[in-house]
Amino acid sequence: MQRMIGKRAVSSLISLVGLVVLVFFLSRLTGDPAALYLPIDASEEMRQNFREIHGLNDPLLVQFGRYIGDLAVLDFGESIRKARPAIEVVLEGFAWTLQLALITMTLVTLAAVVLGSLAAFRVGSLFDRLASMLSLIGASAPDFWIAIVAIVVFSVGLGWVPTSGTGTVWHWILPIAVLFIRPFGLIVQVVRGAMLTALGSAYVKTARAKGVRNRPIIFVHTLRNAMLPVITVIGDQAAALLNGAVVVETIFGFPGVGKLMIDSILQRDFNVILAAIMVTALAIFVMNLLIDIAYALLDPRIRT
Amino acid sequence: MSDTTTVPVPPKPAAMRERPALLRLASMLWADKFAFAAALLLLAMIGCALVGPWLMGDAAGGQNLRARNAPPFDLSRGWLYVLGGDALGRPLLARIVVAAQNTLLIAAGAVACSMIIGTTLGLVAGYRGGWTGEVIMRLADVIMSFPSLLLAVIVLYMLAPSVANLVLVLAITRIPIYLRTTRAEVLEVRERMFVQAAIVMGASTPRIVFRHILPVILPTLLTIATLDFAFVMLAESALSFLGIGIQAPEITWGLMVSQGRQYLTSAWWLAFWPGLAIILTTMSLNLLSGWMRVALDPTQRWRLEIGGKRNG
Amino acid sequence: MAEHLLELRDLSVRFHTARGLVQAVQGVSWHLDRGETLAILGESGSGKSVSASAVMNLIDCPPGEITSGQILFEGRDLLTLNEEARREINGRRIAMIFQDPLSHLNPVYPVGWQIAETATAHGTPAQEARARARELIARVGIPDPDAAMRKYPHQFSGGQRQRLMIAMALALKPDILIADEPTTALDVTVQAEVLSLLGELQRETGMGLLLITHDLGVVAEIADRAVVMEGGRIVEAGTPYDLYHNATHPYTRKLISAAPGRGEMRADRAPVTPLLSCRGLRKEYGSFTALKGAEFDVMPGECLAVVGESGSGKSTVARLVLRLEEASGGQALWKGEDLLTKTPREMAKVRRQLQMVFQDPTQSLNPRMSVYEIISEAWAIHRDVLPKSRWRGRVQELLEQVGLKPEHADRYPHQFSGGQRQRIAIARALALEPELIICDEAVSALDVSIQAQVIQLLGRLRDELGIAFVFIAHDLPVVRDFADRVLVMQKGEIVEQGSVRQIFDAPREPYTQRLLAAGLDPDPEVQARRRAERLALQA
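Chains as they are written, first to last, in my numbering: chain A, 15 to 318; chain B, 21 to 332; chain C, 57 to 595.
Heads up, simulated BS3-like pairs for lysine-lysine below, C-alpha to C-alpha not over 25 Å straight-line: (1) C:K229 <-> A:K219; (2) C:K229 <-> C:K207; (3) C:K391 <-> C:K348; (4) C:K348 <-> C:K398; (5) C:K547 <-> C:K348; (6) C:K207 <-> A:K219.
These are computed hints drawn from the structure, not numbers from a lab. Please read all numbers here as calculations on a predicted model, not as lab measurements.
All chains, full assembly: derive it from the sequences and hints.
Here it is, written out as structure tokens:
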């Protein structure tokens, strides 16, 4: 287990280094920040001055060396747009995204496991078919479209919840509801399939031959086995959310890391892009670790 | 001699094999009514993509100020306006039909490119293994975590926001899916007995990879590709929606939703219909991929050939 | 009429399958009393497990459907009871163990908990149930019961897992134990131990034992009475002695004659120049040594049997010689040239002369290729063997040679039965006209009657075409009529080798003697003698 974590850490680190190098150089291809942040009629001198301040005049390799040097002392550079340390800006946005992802994934997991298990237990019934249809629609829906339809209906039409922004509990409802739909659809399908496999397995037959009641057969014998493939999918979906739900955050004006990312890319705020990538990479690494631990807790065959 | 084999199973009549492959496939499709409907819908969409611009191209571009934001289900302006008109008075129906071409072309192009590249790299990584495999896998990790938005913006600024470039962006981001699946499957399939049997016969590496391993994993890949087609469509729509995908006057369904967004409160139909087109197409693809999983597996195929669909 | 403990009357069960209704058992009647052992004997597809599943209420309805009959347990018809009453009987009054204990034990719970669950499911307090579980684990002979309680199924060996299953079934001292192929996947020596444990426990508790098996030897070893099933019907019933000596139904007679190891052994052959000689062949996986310097020769046209239990390294030998795995050391000389040092290109040429038939034909045939493609691939690889125009004709010839029909060429592997598939695999091996065919457990996955046919086919091919065979098996009787020489392996070492007569008539090594004694003979009298020998060896 520890060796596996070590190996995982090393390969993740290699990938992260490759990613940072790639993003550092490629992001410079999007253009010159000076053209964005200074008025159109700014003189060449002013532009030179701006670039000088932000260290954009040196050759790229020198800039990269300086960046890595600063990184060694955990200095992620300054955000051009916000004129504050990039890491601060990113962590602020990340806190929002983390909350959003946590709440959404908890709800999704609970709802999908319950619905998927019930559908598998009553396979072929009306309930099963309804659940399958619902999950199919959920898995196929474009989130931005759902988001604007939801705004039209619930915010504009019925006036139940605010259209965008943050502040009250009400602001969270629509973003969570929209983010909920697709992972929910996917995970219900996986849970149902895994439960069907587990219910048809030999150890369930043994349990029935022992005279074990139906309820413990479902919730003690099968569910734990069926959760193994489900956990992997939950991990993938959670990783996608941690990367920032760009579209939903944009539509609902939610200040998460996804919206920060797209703004920084469009505004050529390179340091923020890099810091955001590193923070989310770390978060996803930690989350994968949690998934592995959950896996090992559920399945003794992995522990040894 | 496990208990599953104690139920006597009569051998399958040989006649079933004699029918031409296409007919057999069609009857298997008919056996699953949902998949059949999905296939019909997709055929209609492909039809739109092929002949739509030629049939309705003029209508879709023709502005008509009196039909600005015309409401749907009003036939007084002609049947083209049955779904309403957009902000410039262009008929929405015609625009959706015309936009089908770009939308499907981008998705098809991206899926085809990423599948070919990803599968090739996956075969190498899985069969060769070693250092080559390790490097390929790390590369996949990097691509996987490279922000696709940044990639889209880079391409948008560096090159032009054309259909081909959007295909490039989307293809790159989807390569890891095929790469990882292929590699995992190759690692499993290469240990199977029939691959070992081929090695014993003296088969060359290309023969083993292309004759024995690839045909076995291809159905899995095609099933994923069908699902991924839906995913790529959604991704393209999202990019267009954020303004870093296709740019007007070119149109895709995603861009139409984005354009309709500012009229949400006054004319909901501008964003609603193209969104519905997206959701119907992706749903059909999902249904069809479920059907394919069964139809492409010779040991599962009988479920469809016999007509009655069983659960499981 | 006296009341039996358990009696089946005219039971018929059918299944709704994709191919329509299938009658799994039809008008089956048998009975079981306290303290006796009834065996249901049949091959795959005979419906031998179905009546037991019906007793345990394990048939899913749908797709299953009990169309007629009664299951009388102490005079009560189980089929008229409700679910809850049936559940109360399962585990408490009638218990069941299965083939393949690994998949029948829940992988994610400790075995102690799983054994105790039988008792807790019927209302025993947890403390008491755990104490009982510990007691049972000790009784079935698992070392260190306290530690074993907390271990998981994957941490035990196959034989131990079956012992744990037995402990689980006996937790509430049931009146009847149903054992469905309890020893099929086990090594012969372990099989003998598990069967004698079952016998002991039966004598202790006086329970009725219903044993479902495909093996006449198991019937001879343990059963008081037996019924023979074929195609969902009981074709014959009687004591093992009666069945063996006075069988009237042709199917029973076929089963008895198919039992391996009853024919004439082959005469010793004069030594000639070996085709293949292995010298000091070794294989290590990390610190584990799978093969410790194997030395043996294979002569042209002879059959060398390699016999050993799981983990003996017998399959490793085949994989190393064929370069499916790289050896850690030693030589494998093919007509004097070392196979282990050849480049892949050189090896590809030699492979023509050296073919292999694998254990499970379901897995060794590519499911996506037709029989024609599977067999003709050999010539696509080795271009100089046969011009393409003659491929079809030759495939048809080969199919006929292995006892299939020429029109089978365009079908796919899943359309054939297990025995037919193995014939296809043999035809594929023959396509290159090899001088040596290595058969790795080539008949182990097949039914007894089909096993006999395939071995007959291999014998014919040796005699007609002069092909040499290396025949790997886990069971000695199988190789008795077929082999010229036998090589006995244990834990990566060759413990004894010699002519077939030497090994069977005068085994020198204790391990070979034990292996021979553990084998089950279909003749109840021979088997009784053997059991005595085995007990003597243990003492």
